[in-house]
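Based on these hints, arrange chains B and C on the given structure of chain A.
Chains as they are written, first to last, in my numbering: chain A, 1 to 315; chain B, 1 to 480; chain C, 1 to 286.
Simulated from the structure, these hints should not be mistaken for laboratory data.
Even glycine gets a Cβ: it sits at the ideal position worked out from N, Cα and C.
Straight-line C-alpha distance at most 20 Å; calculated DMTMM-like pairs for lysine to aspartate or glutamate:
id, chain 1, residue 1, chain 2, residue 2
1, B, 479, A, 60
2, B, 318, C, 248
3, B, 479, A, 66
4, B, 479, A, 73
5, B, 471, A, 81
6, C, 19, A, 115
7, B, 380, B, 411
8, B, 479, A, 81
So the derived label-pair ranges between C-beta atoms look like this:
id, chain 1, residue 1, chain 2, residue 2, range
9, C, 192, A, 209, 51 to 59 Å
10, A, 93, C, 264, 29 to 37 Å
11, C, 31, A, 237, 23 to 31 Å
12, C, 179, A, 85, 55 to 63 Å
13, C, 207, B, 57, 57 to 65 Å
14, A, 118, C, 11, 15 to 23 Å
15, C, 207, A, 301, 27 to 35 Å
16, C, 31, A, 118, 15 to 23 Å
17, B, 57, A, 80, 52 to 60 Å
Now for the letters of each chain:
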Amino acid sequence: MSTITGAAPAAETAVRRRGIRVRISRDGLATLLFLVPLLVVFGLFAWFPILRAFVMSVQETNLVSEPTFVGLDNFARVLADPQFGIAVRNTAWFAFLALVFGYPIPIILAVLMSEVRRGRGVFSALAYLPVVIPPVVAVLLWRFFYQASPTGVFNTILGWFGLGPFPWLQDSTFAMPAIVLEATWAAAGGTVIIYLAALLGVRPDLYDAAEVDGASIWQKIRYVTLPQIRTVLFVTLILQLIATAQVFTEPLLFTAGGPANSTLTVLLLIYRYAFQNSLGGDYGSAAALSLMLAAFLSIFTVAYFWLTRRWGSDS
Amino acid sequence: MRSRTRRLPWVVAALAVITATIVAACGGTTTSNAPSAAAPSAAAPSAAAASAPAAQHEPVTISVGALRPGVTQDAADALFQQIEEFEAKYPWIKVEPEEYNWTAPTFTAALAAGTLPDVFTIPFTDGKGLIAQHQIVNIDARVRALGYADKFNATVLANGQDQGGAIYAVPTAAYGMSLTYNRSLFTQAGLDPNSPPTTWDQVRTAAKTIAQKTGVAGFSTMATENTGGWQLTTQTYALGGRMEQVGADGKITATLDNPATKSVLQRLKAMRWDDKSMGSTFDYAWGTMNQAFAAGQVGMFTGGSDLYTWMIQNAALKPDDYGITVIPLDGSDSGVLGGGTLAAVNVVTTEAERDAAVDWIDFYYIQKLISQDGAVADAKALTANKQPVGVPALPIFDKATYDESQTWIKDYINVPTAQMTPFTSKIFDQPLVNEPAAHTQELYAALDPVVQAVLTDQKADIDALLTAANKQVQALIDKP
Amino acid sequence: MSTADYRQRNVRWTMHGLKLGTLLFLLIVGLGPLLWMAKSAITPTQDTLRTPMALWPNGFDLSQLATAWTRVHIDRYLFNTIWLALGSWAVQLVVATTGGFVLGVLRPPGSRVLTALVIATLFVPPIVLLVPLYLTIVDVPLVHWRLIDNYWAVWLPAGASALNVLLMQRFFSNLPREIFEAARVDGAGPARLFWSIVLPMSRPIIGVVSVFAVIATWKDYLWPFLVIRNQNLQPLSVRLPIMEATTDLGVFIAALALSSLIPITLFLIFQRLFLTGEGVGGALKG
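Bound-form chain A, shown alone (with noise of 0.2 Å):
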């Protein structure tokens, strides 16, 4: 990375460690002014709202009242109550059902994309565009295909080929799958082009090594192709389950949870809580929640890591 070589590596080394010499008196002032919108941005609302969060999970706010510290309650009751255990079911099948949506055909879009010779900008573009539909715009769009009657625009494309009329987000069964195929829909294309791009950068040459060992062209993605993007696809797969544990626009906007809590998800859960009582909101609930949701997120992602350290060494 550095081009200066030679004479005084350890001048060298220290003046890098250092950054560029900065003179006290006279630099010090213009530095901590440049460091100034950092902190305080950074300061306000990033951590200091971070240890309130951890302030309000063990007091009891709403706002009107001070708040009074009660310890580990909150947390106690979140667990007691019926809605955690269903949101926590409910997250963990949108994960579930996001991942079978979600994950193979992404990679199979990308490895097919990838031989493409001509053109592959039309096939990426086709692929990125739900991607920049907002996220509101889409829902709110998809909510309309899914109406249930005869006449719902999938019913009606699904009537063509002899399907009947399907509840969609009318059913309690339905409404997770339904919600997930979207949010599928949405974010698929992103995913794409992170495997497009990891596929293409597969040095050619392993390939030609491969063929010369005669190897067909199963063998050829199997023994390279697959060993040689694992990292990346080890990376989305942790991404994609961290994001869909915090999946809250899609079951808000298309079913506020509903049919009967079926789509139910943690972070709605933390939402109701602060924010769905008209006397005003459980924020220490609330705060408490969130927190064991990052918990949890944390422990998961170091064990996802620590497990899969010696599969996605060696790239």
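Quick look at chains B and C alone, frame taken from chain A:
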């Protein structure tokens, strides 16, 4: 290191400079709410302040939440005209209308954020809760100074009073539940729109006929945003059940799993899955149900008696379609769920603003009910802007006053009253029952999933769902 | 796949078929809903309700677009969204460039700690911040402002993007040091360094961060919904769900279509940014 400590004063100085700059840059923000400088006082204002000599009035501006979102330009114009009339009568007061609509999920965010207008409306169910939390102003002295405080219907007024009887919120409207039906769909299905169903069995049969002959939902019920529980409670009351029982010692017991509620849910289940007369949409809330009805997609539903106005203003309802009758009552103890709206004043207001707020409440909401001039002026403003006049309501004073106010505006009534006689001729004979007293909105919220489950899951276990909901609500009631 | 593979006829035809199939799939799935939205924006409501897949059985209704623009005031909400995006972009750039500059170039003592603190925020899911950030906006500590209904409530928290800072920091620290040294020798202070040297050399990364900042604002829903209550100030994403209940369906779809125009246009113009490796960083963020 010496350099670090020498830098410290610079840090402080730099931060101070930047902060001051930001303050200067952002300080120009104005919101339409009053500045929060005035300390909210829960103590009753002295009577002298309320009746300050007319000559000595400081100019004051108040924001009022009187514009429903999405309302037509005509409806907005009617409001503006009335604001002009008000400002002419009270020249020192300037009124700024704000878009406002009470729904359970959005109200609390607005409350927390302090973005409520100075005058806003809340349902009867939330009056006592907000009073207990000191979030609305004690306007007792000001209201009593207006002279008609003791003419209010006592049960109605109680929703806006604290334990000691001090008035914190003024009732502005009362409604009773009704069975609203689409006359055109009735005709299309071969039913007589002038003889709507009078028993629940007739409702069920009519629903089936409408569904078969016209293909739309014969009967529908709300199910989201707390309206599911609200309508379930309504239909429960109609069969004689109650959601909460108050013991002699004042202890409240949740009785969500009472036999009447089970009966209602079983009938809904049968209509949904056996008769298939409830169409294919089951996530209606208050607004979307009205919309669907106005669009001719619903044959009958239970809802308020005051919906005509909204449907005309927001959903392009064809007046000929609107039919309304009383809810069929069945069994002893059955009654009509009664609700209403209260007007309250935001605590984040100055004394002068509170005076102005009460003047506005008096002018805009009450005068048309008790004074001929007020009633006629209101009717004129509405008809001038093609808004409905004469929609049925329940009295918030007494029946005699109500009848009198109707005669005053007789010449301006432009709603199809003939279509409303099945309701207006019988509602005053039906017993009115108040909504459950404790944790009302949370009770409704607990019942929403029950209604949704029955309508969207053929295998829903009604008993289990009600038991769970009951447990949830009892826990809320018992929470200290 | 190599050219050798392609010489086999069945491989060639299979691949052609698969590629064609992929293209069709992408067209129908990726473009289909958008084309339907465009078609329905100019189809009368009744036709959309009764025969949603028909192509204009009763002719066009261009007035729906006009109604969406004027009576439903999409123009105002579009302007709000643009204004919100611009402010957000400005704040994000200021914070990320200045912060990245200090952390990546100047590196005073303590910058390691600071960088770690910035990275730490990446590990906190945004939801944890929701409620306390909301309370902070309602009453900003030290100065006791209420930022509700004020665009700063959206702009300032947007600046707290660790990803932006880290992207800038990494880019800046990869810039050749000799140029800085040379400028130093010439007596340039940090400000000069920043303005005349670092920034001009950073156009690519600034471009990437900018485009993603604008798109992120366009997509943002929950936060503006919570903090901007005044109807006249709300952006499109907040307004559209609220107006659905009181807007004619055809006009509503026209509104949806109009709201998608700018993001789609931005995408088509800046395709390279989105679809190359640098886009990966943005895609991870968005």
